[in-house]
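Colleague: So you can see what is in the structure, the chains are spelled out below.
4 protein chains.
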Amino acid sequence: MKKRVSSEEVKLAALKRLKDRGVTLEDIAKIVYEMQVVYNRDLTMEQCLESVQKVLEKREIQHAILVGVELDILAEKKLLQEPLQTIIETDEGLFGVDETLAIGLVYGYGSIALTTFGYLDKDKIGIIKKLDTKNGKKVHTFLDDLVAGIAASASGRIAHLLRDVEEGEEKRAKENDEKFNEINVS
Amino acid sequence: MKKRVSSEEVKLAALKRLKDRGVTLEDIAKIVYEMQVVYNRDLTMEQCLESVQKVLEKREIQHAILVGVELDILAEKKLLQEPLQTIIETDEGLFGVDETLAIGLVYGYGSIALTTFGYLDKDKIGIIKKLDTKNGKKVHTFLDDLVAGIAASASGRIAHLLRDVEEGEEKRAKENDEKFNEINVS
Amino acid sequence: MKKRVSSEEVKLAALKRLKDRGVTLEDIAKIVYEMQVVYNRDLTMEQCLESVQKVLEKREIQHAILVGVELDILAEKKLLQEPLQTIIETDEGLFGVDETLAIGLVYGYGSIALTTFGYLDKDKIGIIKKLDTKNGKKVHTFLDDLVAGIAASASGRIAHLLRDVEEGEEKRAKENDEKFNEINVS
Amino acid sequence: MKKRVSSEEVKLAALKRLKDRGVTLEDIAKIVYEMQVVYNRDLTMEQCLESVQKVLEKREIQHAILVGVELDILAEKKLLQEPLQTIIETDEGLFGVDETLAIGLVYGYGSIALTTFGYLDKDKIGIIKKLDTKNGKKVHTFLDDLVAGIAASASGRIAHLLRDVEEGEEKRAKENDEKFNEINVS
Numbered sequence: 096m097k098k099r100v101s102s103e104e105v106k107l108a109a110l111k112r113l114k115d116r117g118v119t120l121e122d123i124a125k126i127v128y129e130m131q132v133v134y135n136r137d138l139t140m141e142q143c144l145e146s147v148q149k150v151l152e153k154r155e156i157q158h159a160i161l162v163g164v165e166l167d168i169l170a171e172k173k174l175l176q177e178p179l180q181t182i183i184e185t186d187e188g189l190f191g192v193d194e195t196l197a198i199g200l201v202y203g204y205g206s207i208a209l210t211t212f213g214y215l216d217k218d219k220i221g222i223i224k225k226l227d228t229k230n231g232k233k234v235h236t237f238l239d240d241l242v243a244g245i246a247a248s249a250s251g252r253i254a255h256l257l258r259d260v261e262e263g264e265e266k267r268a269k270e271n272d273e274k275f276n277e278i279n280v281s
Numbered sequence: 096m097k098k099r100v101s102s103e104e105v106k107l108a109a110l111k112r113l114k115d116r117g118v119t120l121e122d123i124a125k126i127v128y129e130m131q132v133v134y135n136r137d138l139t140m141e142q143c144l145e146s147v148q149k150v151l152e153k154r155e156i157q158h159a160i161l162v163g164v165e166l167d168i169l170a171e172k173k174l175l176q177e178p179l180q181t182i183i184e185t186d187e188g189l190f191g192v193d194e195t196l197a198i199g200l201v202y203g204y205g206s207i208a209l210t211t212f213g214y215l216d217k218d219k220i221g222i223i224k225k226l227d228t229k230n231g232k233k234v235h236t237f238l239d240d241l242v243a244g245i246a247a248s249a250s251g252r253i254a255h256l257l258r259d260v261e262e263g264e265e266k267r268a269k270e271n272d273e274k275f276n277e278i279n280v281s
Numbered sequence: 096m097k098k099r100v101s102s103e104e105v106k107l108a109a110l111k112r113l114k115d116r117g118v119t120l121e122d123i124a125k126i127v128y129e130m131q132v133v134y135n136r137d138l139t140m141e142q143c144l145e146s147v148q149k150v151l152e153k154r155e156i157q158h159a160i161l162v163g164v165e166l167d168i169l170a171e172k173k174l175l176q177e178p179l180q181t182i183i184e185t186d187e188g189l190f191g192v193d194e195t196l197a198i199g200l201v202y203g204y205g206s207i208a209l210t211t212f213g214y215l216d217k218d219k220i221g222i223i224k225k226l227d228t229k230n231g232k233k234v235h236t237f238l239d240d241l242v243a244g245i246a247a248s249a250s251g252r253i254a255h256l257l258r259d260v261e262e263g264e265e266k267r268a269k270e271n272d273e274k275f276n277e278i279n280v281s
Numbered sequence: 096m097k098k099r100v101s102s103e104e105v106k107l108a109a110l111k112r113l114k115d116r117g118v119t120l121e122d123i124a125k126i127v128y129e130m131q132v133v134y135n136r137d138l139t140m141e142q143c144l145e146s147v148q149k150v151l152e153k154r155e156i157q158h159a160i161l162v163g164v165e166l167d168i169l170a171e172k173k174l175l176q177e178p179l180q181t182i183i184e185t186d187e188g189l190f191g192v193d194e195t196l197a198i199g200l201v202y203g204y205g206s207i208a209l210t211t212f213g214y215l216d217k218d219k220i221g222i223i224k225k226l227d228t229k230n231g232k233k234v235h236t237f238l239d240d241l242v243a244g245i246a247a248s249a250s251g252r253i254a255h256l257l258r259d260v261e262e263g264e265e266k267r268a269k270e271n272d273e274k275f276n277e278i279n280v281s
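So the sequences go chain by chain: A, B, C and D.
All the letters of the first sequence, read from the start, carry residue numbers 96 to 281 under the numbering used here.
All the letters of the second sequence, read from the start, carry residue numbers 96 to 281 under the numbering used here.
All the letters of the third sequence, read from the start, carry residue numbers 96 to 281 under the numbering used here.
All the letters of the fourth sequence, read from the start, carry residue numbers 96 to 281 under the numbering used here.
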């Protein structure tokens, strides 16, 4: 029986694909920051970067990156059968498989992630815009949606996380108030 | 055995709920127009309205309207148990059930519909903006997402339809060319 | 600018891929029949076949077939980069991209289609079972899920259609009753 | 401004709703065990129970429980407007909103969770079967799907977790082998 691929191997390969195709985790974190800072002024780039890294730990996200980037590269090398070759090469507007693949990633991070993905797909910013701008022979039909999916997932994750932090602070503040009151009362 | 509800009855009830809550089909068609005219300058309001009507023929969309509006009304009347009452009444940002319900509608109309929904959820326009603006006692926690879902579905439907029309014209143009050539040749 | 691929071309290519990989529309219709006949004894194979054909008219379904079968073939020819090559070749259980792609198809046909897909993915029947049984060098990692997705979509479509037919008959029966009563009354 | 509901309050309310409607976490864990033990003979009920508890920590799952159970109870008390009252009371087959709500939960746990949900929806086992069996005045239209959704999510979670455990053991075994070899070599 063929040896099973280890999770570590899959993860490293997915991260390498992103890097090889010109996408850094910082690029993705910047999008997350831009999407989420309006809801929380104290948000830091470190939190965004950490959220992107956490999202990239997920097996199904790594698998989607491997598949999407593979298809982009094969299209660049003109190794796909027609009419798929032309559809992917020209980033045909009604194709839909690129978004379907990316949406699969996003769903796990709640409805905020899903709506953020939809927004990023229409109003491309940062590295997504750069990828979407056709330049010469590069094909990024899947990659721009994957990056939008990762950024959207990390955004959804942060929205939930910040709520937990806020509630923790409220709880502590409340406990401090109670302690203060106790002192005053006694 | 209890009598089954007829499809006609469900449809009429869903349309009535929209109207009773202040949403006309024209309001929704306007959003569709705004979202799609950038891709097709010849788009007409009639086409958008017809697309909205077609989308509203779908049983699962009618059901979602009945459920969502019912919850909005019950929240207005303060008839829900806590903490659900407060969550819906305040349109709690991390609630998510309103978007989940609406996304269910949208999926059937392809990835364009899904990304349009995400966009409308973030960048509220027209009647969606009006519904989202809290005024006094009205609760529209579900309705604004439902309307975004219907508009997004109708947008996705139009994108596919217009392609069919374009191709039909190309085909006819090509046939005309061929006929013309035949004439010239003969 | 590169010429756009016509819808007709995409459709024919998708149907050809299915045939080339050993899947007939009748094979898929048989699964639909088996899944739906329990809910309606009068169901015919013709209705199931027609439903499969209608589902295959959808652009996004045709695109998913083109992508999935391409990846299966590339894996057979060992033309994918590692670790993706091994993951697809061995139909790795936690891969998930195959199901994500197929679920994208299914969503448009309502929740019955979605649950039917889940069922078929676990309890493989007919041609899906045959495809899933590894024999020698053939890779069907994507194809078995695509077929399950098409069958599930056609099943969901039929469930809704049969309801419409039933209601049409009830309506006619009721009208006949009313006419009969009118006659009796007069 | 109205006080925000705390996450703790939402969580406790969701768990209470399940209990009040006759569903214990053990009931759900039993379904998880039955679905997953075929893939791993060493699976324990404790692992399944822990997985169910983890899934129930998720905000969006708690929200879905609050909404679904509320609608079941309102239908029992005949407090919904027609035709929604009849649709929910009779668990109308083409309703779909119950499954849409539950599928929202499931998506976050990968494609295994989604196909397990589809399976459980068709082949009801354990507490789901019990809930689905109409007895007198109880309405469980949403609850049976919610329980299937929680069980499916916990199943997907376990499938991924067990892989991590296996790989950890393989890694340790390999390291032990290497140490052993080192000793032998020296």
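Any given hint could be a false lead.
With a cut-off of at most 30 Å between alpha-carbon atoms, the simulated DSS-like pairs for lysine-lysine come out as follows [said to hold, decoys possible]:
{"no.": "1", "chain 1": "A", "residue 1": "114", "chain 2": "C", "residue 2": "173"}
{"no.": "2", "chain 1": "D", "residue 1": "266", "chain 2": "B", "residue 2": "173"}
{"no.": "3", "chain 1": "B", "residue 1": "106", "chain 2": "D", "residue 2": "233"}
{"no.": "4", "chain 1": "B", "residue 1": "149", "chain 2": "C", "residue 2": "106"}
{"no.": "5", "chain 1": "D", "residue 1": "219", "chain 2": "A", "residue 2": "266"}
{"no.": "6", "chain 1": "C", "residue 1": "111", "chain 2": "C", "residue 2": "266"}
{"no.": "7", "chain 1": "B", "residue 1": "125", "chain 2": "A", "residue 2": "217"}
{"no.": "8", "chain 1": "B", "residue 1": "173", "chain 2": "A", "residue 2": "224"}
{"no.": "9", "chain 1": "B", "residue 1": "149", "chain 2": "A", "residue 2": "224"}
{"no.": "10", "chain 1": "A", "residue 1": "233", "chain 2": "C", "residue 2": "173"}
{"no.": "11", "chain 1": "A", "residue 1": "172", "chain 2": "C", "residue 2": "125"}
{"no.": "12", "chain 1": "A", "residue 1": "217", "chain 2": "B", "residue 2": "173"}
Since the hints were made in silico from the structure, they are not lab data.
Colleague: Please go over all the hints and tell whether each is borne out by the structure.
Modeller: Results for each hint:
1. 114/A <-> 173/C: holds (24 Å)
2. 266/D <-> 173/B: Cα-Cα ~57 Å, so violated.
3. 106/B <-> 233/D: Given that 30 Å is the threshold and the Cα spacing comes to 27 Å, the pair holds.
4. 149/B <-> 106/C: Answer holds: residue 149/B to residue 106/C is near 24 Å, not above 30 Å.
5. 219/D <-> 266/A: violated (42 Å)
6. 111/C <-> 266/C: It is violated: about 42 Å lies between the C-alpha atoms, which goes past 30 Å.
7. 125/B <-> 217/A: Distance of about 19 Å is within 30 Å: holds.
8. 173/B <-> 224/A: Distance of about 46 Å is beyond 30 Å: violated.
9. 149/B <-> 224/A: violated (34 Å)
10. 233/A <-> 173/C: Holds, at about 24 Å.
11. 172/A <-> 125/C: violated (40 Å)
12. 217/A <-> 173/B: violated (38 Å)
This entry does not satisfy hints 2, 5, 6, 8, 9, 11 and 12, going by the numbered hints stated previously.
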